[in-house]
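Chemist: Fit chain B to the supplied structure of chain A, relying on the hints for placement.
These protein sequence lines are chains A and B, in that order.
Just so we're aligned, residue 177 is where the first sequence starts under our numbering, counting upward by one.
Just so we're aligned, residue 177 is where the second sequence starts under our numbering, counting upward by one.
Keep in mind that the hints are not guaranteed to be accurate.
Residues on chain B that point at chain A, a partial pick, calculated with CB under 10 Å [what the hints assert, rightly or not]:
no. : residue
1   : Ser274
2   : Gly333
3   : Gly350
4   : Thr377
5   : Tyr471
6   : Ala557
7   : Pro783
8   : Ile786
9   : Leu789
10  : Thr796
11  : Ala823
12  : Lys824
13  : Arg835
14  : Phe842
Since the hints were derived computationally from the structure, they do not count as laboratory data.
Idealized CB from N, CA, C, for every residue including glycine.
There are 2 protein chains.
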Amino acid sequence: MGFTEVDTKTINTIRVLAADATAHANSGHPGAPMGMAPVAHVLFNKIMRFNPKNPKWLNRDRFVLSNGHGCMLQYALLHLYGYALSIDDLKAFRTVDSITPGHPEAHDTPGVEVTTGPLGQGISNAVGLAMAQAHTAAVFNKPGYDLVDNYTYAFLGDGCLMEGVSSEACSLAGHLQLGNLIAVWDDNHITIDGDTNQAFTEDVLKRYESYGWHTITVEDGDNDLEGILHAFKKAQEVKDKPTLIQLKTIIGFGSKQQGTHGVHGAPLKADDIKQLKEKFGFDPEKSFDVPQEVYDHCRKASNAGAAAEEEWNKLFAKYSEEYKGEAADLVRRQKGDLPEGWEKNLPVYTPADAAVASRKLSEIVINKIFDAVPELVGGSADLTGSNLTRSKGSIDFQPPATGLGTYDGRYIRYGVREHGMGAIMNGLAAYGTIIPYGGTFLNFVSYAAGAVRLSALSQARAIWVATHDSIGLGEDGPTHQPIEVLTHFRALPNCMVWRPADGNETSAAYYVALTSKHTPSIIALSRQNLPQLEGSTIEKAIKGGYVLHEQEGADITLVSTGSEVCIAIDAVKLLAEKHSIKARVVSLPCFEVFDTQPKDYQLSVLPDGIPSLSIEVMSTMGWEKYTHEQFGLNRFGASGPYKDVYAKFEFTPEGVAKRALQTIDFWKGVPVRSPINRAFQQIL
Amino acid sequence: MGFTEVDTKTINTIRVLAADATAHANSGHPGAPMGMAPVAHVLFNKIMRFNPKNPKWLNRDRFVLSNGHGCMLQYALLHLYGYALSIDDLKAFRTVDSITPGHPEAHDTPGVEVTTGPLGQGISNAVGLAMAQAHTAAVFNKPGYDLVDNYTYAFLGDGCLMEGVSSEACSLAGHLQLGNLIAVWDDNHITIDGDTNQAFTEDVLKRYESYGWHTITVEDGDNDLEGILHAFKKAQEVKDKPTLIQLKTIIGFGSKQQGTHGVHGAPLKADDIKQLKEKFGFDPEKSFDVPQEVYDHCRKASNAGAAAEEEWNKLFAKYSEEYKGEAADLVRRQKGDLPEGWEKNLPVYTPADAAVASRKLSEIVINKIFDAVPELVGGSADLTGSNLTRSKGSIDFQPPATGLGTYDGRYIRYGVREHGMGAIMNGLAAYGTIIPYGGTFLNFVSYAAGAVRLSALSQARAIWVATHDSIGLGEDGPTHQPIEVLTHFRALPNCMVWRPADGNETSAAYYVALTSKHTPSIIALSRQNLPQLEGSTIEKAIKGGYVLHEQEGADITLVSTGSEVCIAIDAVKLLAEKHSIKARVVSLPCFEVFDTQPKDYQLSVLPDGIPSLSIEVMSTMGWEKYTHEQFGLNRFGASGPYKDVYAKFEFTPEGVAKRALQTIDFWKGVPVRSPINRAFQQIL
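The shape of chain A in the complex, shown without the other chains (with noise of 0.2 Å):
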């Protein structure tokens, strides 16, 4: 291809770009930008396809930054590149309410593909982006249609090397072979604590070999354009095995602390940025100085991307005409919307159907709605068995080479790997074409709580099935019984928690999770029987919390979530008996979306004038928003048979009604308003 002196000013420009912007904003790392400008050009100006007026095109290559605190790089790219982010956007790097922030963040800014920063996770989204490829073609393709053949190039850092959560993501890319995915280590010897040889003295190549990835190494990182490009293509013909490219840099190149964790994560100086520009070429009295002929450099690239989607749009016109289905299916997928009746699958129950756990009320939702909803894409990290996520009949997601499966397959065998499961979900949900879920236990939601986060933080519609959701597993013990586990993900902005009580709740509980286009759910499934209960409906439901039993002159309200609904409602019939006391019940399955109704609805589940006490078989921290007396367990649970466990905690009938008691006792005299009353309205 030949490289010129343009090239190197375009390198250059990112370098400077980066040094002002974070000089700028008196904050920010300069040191990742610098040494990674030259791959970032050769890959955007050479390699990449992708048009920045369209940054929703679907079969755009996929650039994913993993080590997102270089972001500098990423903005000055999309900046160069003609995306919607302006030199003025540069100018207001890390300040509050640009597009630029910290780091990326794909609903802020117009060519982030997924969020990054919490490092480990952008190359875990960029294996699920590779997958989601793979999946995409296998089903839409057609012979002379490559509709989908888009690759996803991620670049990392040490730290992202060193996070468990892209181990288990990197070690099933392996398995699953996918040639899409290109993933390119910065490897500058530098982390924040200072070299690597503190604490990283692995054969990261040898490891990605034994993963099964093809691995390239490019000794001159800062200077060899042509070696680099070249890593690229043979990266590109490699088509059975992702691909790792080590790229040895020095990290600030061109700073006079070069090759230091000094530029790792502060400002260069002004003398620094002095020299840096005069050595570069550029005028040092000036700043977010583009010169011309870099603009043109890049556009022309942009153009050719331009150019390569009106092909695509042709190529996807005939296709319409020739695959119509296939052609209205994919562009329902990227809009998000569902298939017109798809809810029409959803089970309903009444009272005379028989007890069955949640997490099988949860399978038979699945079974019913999967070839209705085909962008559903669920696997379990090995807990198939147990979650019961595996729609009957499907197939599995394999590379046809194994014999286990294809690329078509719908269900994603993702072994043990907790943390790789929620952060490849959440590239999947990123593609556009394709909705996730995932079966683990509740408890083990945990594992992967900083890729639940960034769900919430990016709104993706990424779905948890959390089976075996409190002391109620049993003899597993303490180790597995989750305590805390609801409150953390109820407190997290943006994030969906559903505990349902019954057929119709389970039933509601996906309906809402399917169409939020823009939250994760988790929702949190028994191991145990649950009867079918008298009042429940999913229209009632989709309002997170109903009246469930109601009761005229109520002297307590009881609110419950999951299986603790039917032990209230047994409570409801021994007070009546042996205390003449009359309760009502609410059933309260996803405090979130309940947030979301009017007021007058709320206090019509929750009115004043009545006590109320909330039963659930965890901790208690929260419900004392929407109860006045909680019963719960803030303590960790026991092993044995569930009936003995939940009988020590005195989570029975009997314990139920004698806090009942007690709540009534307690606010007797007092005058009792709701807790949906509130002095202030919180920031959202």
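Modeler: Structure of chain B alone, referenced to chain A:
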């Protein structure tokens, strides 16, 4: 050595006991115990040094069952070798309040070193145990006195190998050249979902070699006892690398279903157990039947262990004469007591002292107490300069060969491995001679949630130095700003969450963290400067909550933590000056400790009759337990200079005053009962 029939009998006794106990409990995992019985037998009978009569003997070899679901293997061994675990305890397997719960729990069962079951944790704990051994040996051994030279043995399955936490810990173990660590991989090709080829096809030995481990393969782990013995001996000889022994086994060996996932997690059927016993020469009519010769064979090894301890005790007696101080120190450490007078080193502040970030205040504490508390061994997940965790002039814990430190060094470079760090800290704490602390940003303690949970459950004194504890970290933005994290860990039983507001409170946090022998702590610390508060003292703060600013006839109580306390104080002035409102201020740095105070003290801090408002710049969830109204942040933060971010969300004296007025207004004319009053006690 020569194995005889009694060895085979012992192995088969373990298998039969595992089958009996899981059948009796109608729950549990027979497959791994039956498959690993041979290696377990060789290890316990011919290799390991331990004294069942004193399971806490310092120089015992440590055994960790990382695949904790196979705990019937461990329980059978503990029984056979004469630990305080009877045949009735085996019969009580997986029943409430037994010492044989569904997964091994260290605080419950003599001979169980660490709590395992959540996959990947045990092997990572083992890395910590091996590090602790290396450190303790380097500190205490003297010429002629190899007081501490034990090995750490860990069994692990495919699940443990897939989990990222083990990747992190094992990469570090290789770097640290831990020759005293010997792990056995039960390579049985089976996980819950079936054959490992579905998701786990990496080259495990190659991966471990890339980490710097020594590897050995035993082809026939079911029968080749000599081969197993030889492998252990070879592993012991390699002094500068941990060893991974790949042991090829058949899961559920002896069962009709052997080699399938049918034996993984469900008891064998009656006819299967019958044929098993017949095949192995046991009476099929008897259960829990241990031949006397098997007891004798095992007890011989136990007696040898007891004799070894006796020898060691003599050695230690001599050592105590020659190295009085060291010996006393070692004895003291094992009791968990701190050196007398250590607390005099805790810094004390007055309002005249300068405003300092609490992460810096934490550094000052560490520096001041580091010499006085020699068992403190700290580190950071590659954020040393940000967490400020390294005591001035301390030596790094490194293999001497690296030239970067020594094993008696007390500062650990964990690399970017939060989850591994957490699990390693549990191992360090379990060894008995170290109090570990580790630093990262508060937001990334979430990456280690799985390990923190086990710190709490297993009562490990591990301390998290969790800096950058709120939106106050500023520019790094929402990806790094905790919202839900404190709520999460406050909801976790037996975990102290501290958020000190100034220097005295920081000293108090360390005081309670260090003197709480059975509880982990998370100390949340600010990036930004905080003034030294009028009214704070260590003595008050160690109560978890106290009145910082009292006010006769107060209209409102403002309750706050950490960096928001000084904002509350400023709001008091504003309320007085502009609104003639009297406000008192409570600082509540630790919920869990405050909860242990007598009720009358709690009511003196949060009295009846005065409405209260909490002020904490993160999730309000959980604050309803202490206050009537809550000012917090139930959304993600923003990237920008921290003062701008605080202003955006109205966390200013004005914003607090506004909500204080709304609170007073809302509670006017209503009888105000302190939330401390409850209808009934929680089950603890």
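Chemist: Hint by hint, say whether it matches the structure.
Modeler: These are the hints, each one checked on the structure:
1. Look at Ser274/B: its Cβ gets to within about 7 Å of chain A, closer than 10 Å, so that hint holds up.
2. With a cut of 10 Å, the hint placing Gly333/B at the interface with chain A holds, because the nearest CB-to-CB distance is about 9 Å.
3. For Gly350/B, the shortest C-beta to C-beta distance to chain A is roughly 6 Å, which falls under 10 Å, so the interface hint holds.
4. A least Cβ separation of about 5 Å between Thr377/B and chain A falls short of the 10 Å threshold, and the interface hint therefore holds.
5. The criterion of a C-beta within 10 Å of any C-beta in chain A is not met by Tyr471/B, whose closest approach is roughly 27 Å, and the hint is violated.
6. Interface restraint check: Ala557/B against chain A, minimum CB-CB distance 9 Å, threshold 10 Å, status holds.
7. The beta carbon of Pro783/B is not positioned within 10 Å of any beta carbon in chain A (closest approach about 17 Å), and the interface hint is therefore violated.
8. The interface hint given for Ile786/B is broken, as the beta carbon of that residue sits about 14 Å from the closest beta carbon of chain A, more than 10 Å.
9. The interface hint given for Leu789/B is met, as the beta carbon of that residue sits about 8 Å from the closest beta carbon of chain A, less than 10 Å.
10. Taken as an interface hint, Thr796/B checks out: its beta carbon lies about 7 Å from the nearest beta carbon of chain A, inside 10 Å.
11. The closest approach between the C-beta of Ala823/B and any C-beta of chain A is roughly 8 Å, which is under the 10 Å cut-off, so the hint is satisfied.
12. For Lys824/B, the shortest C-beta to C-beta distance to chain A is roughly 5 Å, which falls under 10 Å, so the interface hint holds.
13. Restraint check, Arg835/B versus chain A: the minimum CB separation of about 5 Å is within 10 Å; hint holds.
14. A cut of 10 Å between beta carbons decides the hint on Phe842/B: the least distance to chain A is about 4 Å, and the hint holds.
The structure fails to meet hints 5, 7 and 8 from the earlier list, while all remaining hints are met.
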